[in-house]
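K.L.:
This is what each chain is made of:
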Amino acid sequence: MRINCPHCGPRDSAEYTYYGDASRVRPSLTDTGVEHWHAYVHERNNVKGPMQEFWHHLHGCRQWLVVTRNTATHEIGAVRFAKSPVSDTAGA
Amino acid sequence: MTQYSALAVLRNALSGNTGWTRAWRDPEPKPAYDVVIIGSGHGVATAYYLAKEHGIRNIAVLDKGWLGGGNIGRNTTIIRSNYMLDGNTQFYEWSMKLWEGLSHEINFNTMVSHRGLYNLAHTPGQWDQMARRGNIMRLNGIDAELFTLPELKRRVRYLDYSPTARFPIYGALHQPRAGTVRHDAVAWGYARAADKLGVDIIQNCEVTGFLRDTAGRVTGVSTTRGDIGAGKVGMAVAGNSSLLADKVGLKLPIESHVLQAFVSEPIKPLVDHVITFGAGHFYVSQSDKGGLVFGGDLDGYNSYAQRGNLPTVEHVVTEGKTLIPQIARVKLVRSWGGIMDMSMDGSPIICKSPIDGLYLNAGWCYGGFKATPASGWCFAWTIAKDVPHEFNAKFTLDRFRRGVPIDEKGQGPVPGWH
Ligand SMILES: Cc1cc2nc3c(=O)[nH]c(=O)nc-3n(C[C@H](O)[C@H](O)[C@H](O)COP(=O)(O)OP(=O)(O)OC[C@H]3O[C@@H](n4cnc5c(N)ncnc54)[C@H](O)[C@@H]3O)c2cc1C
Ligand SMILES: [Zn+2]
Numbered sequence: 001m002r003i004n005c006p007h008c009g010p011r012d013s014a015e016y017t018y019y020g021d022a023s024r025v026r027p028s029l030t031d032t033g034v035e036h037w038h039a040y041v042h043e044r045n046n047v048k049g050p051m052q053e054f055w056h057h058l059h060g061c062r063q064w065l066v067v068t069r070n071t072a073t074h075e076i077g078a079v080r081f082a083k084s085p086v087s088d089t090a091g092a
Numbered sequence: 001m002t003q004y005s006a007l008a009v010l011r012n013a014l015s016g017n018t019g020w021t022r023a024w025r026d027p028e029p030k031p032a033y034d035v036v037i038i039g040s041g042h043g044v045a046t047a048y049y050l051a052k053e054h055g056i057r058n059i060a061v062l063d064k065g066w067l068g069g070g071n072i073g074r075n076t077t078i079i080r081s082n083y084m085l086d087g088n089t090q091f092y093e094w095s096m097k098l099w100e101g102l103s104h105e106i107n108f109n110t111m112v113s114h115r116g117l118y119n120l121a122h123t124p125g126q127w128d129q130m131a132r133r134g135n136i137m138r139l140n141g142i143d144a145e146l147f148t149l150p151e152l153k154r155r156v157r158y159l160d161y162s163p164t165a166r167f168p169i170y171g172a173l174h175q176p177r178a179g180t181v182r183h184d185a186v187a188w189g190y191a192r193a194a195d196k197l198g199v200d201i202i203q204n205c206e207v208t209g210f211l212r213d214t215a216g217r218v219t220g221v222s223t224t225r226g227d228i229g230a231g232k233v234g235m236a237v238a239g240n241s242s243l244l245a246d247k248v249g250l251k252l253p254i255e256s257h258v259l260q261a262f263v264s265e266p267i268k269p270l271v272d273h274v275i276t277f278g279a280g281h282f283y284v285s286q287s288d289k290g291g292l293v294f295g296g297d298l299d300g301y302n303s304y305a306q307r308g309n310l311p312t313v314e315h316v317v318t319e320g321k322t323l324i325p326q327i328a329r330v331k332l333v334r335s336w337g338g339i340m341d342m343s344m345d346g347s348p349i350i351c352k353s354p355i356d357g358l359y360l361n362a363g364w365c366y367g368g369f370k371a372t373p374a375s376g377w378c379f380a381w382t383i384a385k386d387v388p389h390e391f392n393a394k395f396t397l398d399r400f401r402r403g404v405p406i407d408e409k410g411q412g413p414v415p416g417w418h
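From first to last, the protein sequence lines stand for chains G and C. The opening position of the first sequence corresponds to residue 1 in this note's numbering, with each subsequent residue numbered one higher. The opening position of the second sequence corresponds to residue 1 in this note's numbering, with each subsequent residue numbered one higher.
In short, the hints are calculated from the structure, not lab data. Each hint should be verified, as a subset may be incorrect.
[Claimed, not checked] Away from chain C, derived, C-beta distances all over 12 Å, residues of chain G:
1) Met1
2) Pro6
3) His7
4) Pro10
5) Gly20
6) Pro27
7) Leu29
8) Trp37
9) Ala39
10) Lys48
11) Gly49
12) Trp55
13) Gly60
14) Asn70
15) Thr73
[To be verified] In silico lysine-lysine, BS3-like type, Cα no more than 30 Å apart, as pairs:
16) C/Lys289 with G/Lys48
17) G/Lys83 with C/Lys52
18) C/Lys331 with C/Lys321
19) G/Lys48 with C/Lys331
20) C/Lys97 with C/Lys394
21) C/Lys352 with G/Lys48
22) C/Lys247 with G/Lys48
23) C/Lys352 with C/Lys247
24) C/Lys52 with C/Lys30
25) C/Lys352 with C/Lys289
26) C/Lys251 with C/Lys268
27) C/Lys268 with C/Lys352
28) C/Lys153 with C/Lys352
29) C/Lys321 with G/Lys48
30) C/Lys251 with C/Lys289
31) C/Lys289 with C/Lys331
32) G/Lys48 with G/Lys83
33) C/Lys251 with C/Lys394
Predicted model only: the values in this text are computed from it and were never measured. Glycine residues also receive a C-beta, built at the ideal position from the N, C-alpha and C atoms.
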């Protein structure tokens, strides 16, 4: 797999580390309910098909990226900086 | 159906091997069964024990592909019971005991080989940890021996013991009864034995949804070969558990990941045990045909693709070469991948699901082949009696919510451990 880093260009996936599903939202730290935290820490959508994921360009620019990748085919689609505003995700 | 024996082999040798009959039937699905099991890995073992131990004979095992086409026929065939935490320890030892008598019990040579497994330690810390694990195993009546370097060198001669090795070897924890089993034979043997007891094995039959009554109880499955009613439904579809559970609105603490395995060209006998490298993650044994069978880490990203990528191939092969330098010149002939149900604590789930009529067998990570007999045995018990056996009582789905995971590695909720 090659990931097209918006900063460095297309690079081998071996340069990156993986942090999984980017759609998970951490509950507020003031939320002390077990259910939300259980869902966040343990449960996964485990999507088959296009999925938004965090990849870290560790051996490159060290930026965190959100990569859309198809888990059924390993095909890589849109890539953006994780720090970019949410509106950038439109259509990704 | 022919009873397999030395005499039968001889008789067929003389009659041109024309006397063999098919090993199991290929029936059309019936409209309904007492129990429907989805998945023909642990599923065929489950069906066999339901029929044999609990007298339930009206059973179907459904698989979307062919029998043994899942992980049961894709793994590196290692069996062991060198676990440390309560729950795992007793369960995997029960599996080891079932392996010990399996070939005779099901009249199928599954080639169970107790060739022993050496877990290598590379640091004093790892050595201490192994001593602890070995002691826990022995306290549970499981065989374990700790070997210092001189003793290990005497027993296993071909590892890189040189002082310049990148990860010098310190010693090893040995489980003599651990070993390997012929994986396909396990699927075929259980299928044949279950079929003999009346179980219908139905291949090319994908489950696409569940039938529910007004109270929400699961009353059957819809499949690519029509609806099939069931008193109880058990799912054992490691790799695809989340997708099927989603059809009844269940979210699981599981991610699907790809694990690769490799076979080298056949060479003369070299590796006569199972060896695991402790400085990275690499395990190797040698098949009876002479190929080195080995594997290592997951590729490390979610996948349903049943094939991995080259960086992992390079990583695993490098580990092998670090440990056994002489294999550098051996050619790799095949590699393949399987999709693993990676649970959040590295331990499995065998329990009633929160939905009436549906039973769960999932979360096998990448060590679930050795569990096949005990998994089937415990799952059958749970389905037949509606309560878990003590061997699987801790493998509940709600252990994560309740904060009592079974985390052998002590590394927290990460879907990467077995
Ligand atoms: C490369 C590799 C090496 C491994 N090495 C080892 C090892 O050395 N030792 C060890 O103990 N374990 C090992 N494992 C792990 C072990 O193989 C698995 O944990 C175990 O086989 C899982 O058993 P199962 O019966 O749940 O899954 P499977 O054997 O995969 O069976 C599940 C079945 O469900 C079917 N299915 C899925 N969805 C549906 C549907 N909707 N309808 C109908 N059928 C469906 C599939 O076709 C499949 O046949 C390895 C795995 C891999 C991939
Ligand atoms: Zn970059």
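K.L.:
Give a verdict on every hint.
P.N.:
Hints, verified against the model:
1. Met1: 6 Å, violated
2. Pro6: 19 Å, holds
3. His7: Consistent with the label, histidine 7 of chain G stays out of reach of chain C, its closest Cβ about 21 Å off (over 12 Å).
4. Pro10: 15 Å, holds
5. Gly20: 7 Å, violated
6. Pro27: 14 Å, holds
7. Leu29: The claim holds: leucine 29 of chain G sits with its nearest Cβ about 18 Å from chain C, beyond 12 Å.
8. Trp37: 9 Å, violated
9. Ala39: 7 Å, violated
10. Lys48: 5 Å, violated
11. Gly49: Violated, since 8 Å does not exceed 12 Å.
12. Trp55: Non-interface label fails for tryptophan 55 of chain G: nearest chain C Cβ at 8 Å, not farther than 12 Å.
13. Gly60: 15 Å, holds
14. Asn70: Given that some Cβ of chain C is not farther than 12 Å from that of asparagine 70 of chain G, nearest at about 9 Å, it is violated.
15. Thr73: 6 Å, violated
16. C/Lys289 with G/Lys48: Cα-Cα ~37 Å, so violated.
17. G/Lys83 with C/Lys52: Measuring from Cα to Cα gives roughly 58 Å; hence the hint is violated.
18. C/Lys331 with C/Lys321: Since the Cα atoms of lysine 331 of chain C and lysine 321 of chain C sit roughly 12 Å apart, the hinted pair holds (cutoff 30 Å).
19. G/Lys48 with C/Lys331: Since the Cα atoms of lysine 48 of chain G and lysine 331 of chain C sit roughly 34 Å apart, the hinted pair is violated (cutoff 30 Å).
20. C/Lys97 with C/Lys394: Answer holds: lysine 97 of chain C to lysine 394 of chain C is near 20 Å, not above 30 Å.
21. C/Lys352 with G/Lys48: 25 Å, holds
22. C/Lys247 with G/Lys48: 13 Å, holds
23. C/Lys352 with C/Lys247: 16 Å, holds
24. C/Lys52 with C/Lys30: 21 Å, holds
25. C/Lys352 with C/Lys289: The hint is violated at about 42 Å.
26. C/Lys251 with C/Lys268: Violated, at roughly 49 Å.
27. C/Lys268 with C/Lys352: 48 Å, violated
28. C/Lys153 with C/Lys352: With a Cα-Cα distance of about 48 Å, the restraint between lysine 153 of chain C and lysine 352 of chain C is violated, given a limit of 30 Å.
29. C/Lys321 with G/Lys48: Status violated; Cα separation ~35 Å.
30. C/Lys251 with C/Lys289: With Cα atoms ~43 Å apart, lysine 251 of chain C and lysine 289 of chain C exceed 30 Å; violated.
31. C/Lys289 with C/Lys331: 15 Å, holds
32. G/Lys48 with G/Lys83: Distance ~26 Å between lysine 48 of chain G and lysine 83 of chain G Cα, so the pair holds.
33. C/Lys251 with C/Lys394: 19 Å, holds
In terms of the numbered hints stated before, the structure departs from hints 1, 5, 8, 9, 10, 11, 12, 14, 15, 16, 17, 19, 25, 26, 27, 28, 29, 30, listed from lowest to highest.
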